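**Student:** For chain E, the structure is supplied; the task is to place chain Y on it using the hints.
One letter stands for each residue in the lines below.
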Amino acid sequence: MDKTIELPLRAQDDVVAVRQAVRSQAVSIGLSLVDQTKLVTAASELARNTVIHGGGGTATLEVIQESSKRGIRLTFEDRGPGIRDIELALKDGFTTGNGLDLGRGGARRLTSSFSIESTQGVGTKIVITQWAKQ
Amino acid sequence: MDKIPILKLGPFLLVTIQVDMHDRLAMILQEELTDRIVTDHARGVLIDISSLDIVDSFIGRMLSNIAGMARVLDAETVVVGMQPSVAITLVELGLSLPGIRTALNVDRGMDLLKASLVEEEAVRGQDD
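Residue numbers (my numbering), protein chains in the order written: chain E, 1 to 134; chain Y, 1 to 128.
Here chain E stands alone, though its shape is the one from the complex:
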C-alpha cells in the first residue's frame, strides 16, 4: 500500500523508465485507462523537464490513500537553477529548452492536483496527484 519508489532522472532513458514505473503503479491501483494515460503523459513531461531544465534529479512514486480514495502521488525534484517566474513557466508555449513546451501547464491540466515550489539557485519540486475514481 505505502509502496514508495524513487527513480533517478539523469538522462533521457530514465524518462522512459519513469513512464513505465508510473504506468505499472497506475494499473495496480485501478486507474481508468484515460487517467493512466493522462498521468503517464504528465509524468513524461515533468520527468523530461527535470532532466533538461533541472540538470537531473529524482522522481518519487507513491501510492496514497485518503479515507476510501486511492491515488498516486508523483514528486519530481531537481537541484537546478530554479524557476524565476512560476506563473510564466506554467503558461503554454513558455520554454527555455527544447520542447513545445506544454510541459508544466499541460501536467497541471492532466492531473487531479498540482503543486510547485521553486527557489532560484536551490531547485524545483513539483508534486502531482491522480485519484482513482470510485
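Derived from the structure by calculation, the hints contain no laboratory data.
Mixed in with the good hints, there may be bad ones.
Below, computed lysine to aspartate or glutamate pairings styled on EDC-like, alpha-carbon distance capped at 20 Å [as the list claims (entries may be wrong)]:
1. K91/E - E117/E
2. K133/E - E62/E
3. K133/E - E92/Y
4. K91/E - E92/Y
5. K3/Y - D40/Y
6. K3/Y - D13/E
7. K8/Y - D35/Y
8. K125/E - E62/E
9. K125/E - D85/E
No experiment lies behind these values; they were computed from the predicted model shown.
**Tutor:** Structure of chain Y alone, referenced to chain E:
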C-alpha cells in the same frame, strides 16, 4: 541501440512505432525518415502509432516536424491508429498536432495517401 524500421511500399514509406521511444530515438527517426523520402523518392509517409500508449509534447512535436519536413520534400504524411485515451489526453494537454493528417487505421491512411497522389497528378496533368 533501438531502431525503428522504415518500409517502402510503392511510392510510400511505412513506419510502425512499437517501442516506448526515448527522445533521442524520436530525433533519429525524424532524420532517417527525411533521408529516406529523398533517396526513395517517396510521395507519402504513413506513421502507425497504434502501439503508442502516450503521445507527449516531444513526440507530438516530432510528428509535426516530420509532416512539415515531408511537405517541403513534396510528400504527404498521415498518422494512423491513435488510441482513444491518447487522443483525449492530447487535447487536454493542449496539443493539436498542427499540419498533421490523421486516419483511423492503416487502410484508411493508405486510401488518403493514394487519393492525394491521384489528385495531385490530375492537377499536374492539367498544367502540362
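**Student:** Against each hint, give a clear statement of whether it holds in the structure.
**Tutor:** Hints, one by one, checked against the model:
no.: 1; hint: K91/E - E117/E; verdict: holds (16 Å)
no.: 2; hint: K133/E - E62/E; verdict: holds (17 Å)
no.: 3; hint: K133/E - E92/Y; verdict: holds (18 Å)
no.: 4; hint: K91/E - E92/Y; verdict: holds (14 Å)
no.: 5; hint: K3/Y - D40/Y; verdict: holds (19 Å)
no.: 6; hint: K3/Y - D13/E; verdict: holds (15 Å)
no.: 7; hint: K8/Y - D35/Y; verdict: holds (13 Å)
no.: 8; hint: K125/E - E62/E; verdict: holds (15 Å)
no.: 9; hint: K125/E - D85/E; verdict: holds (14 Å)
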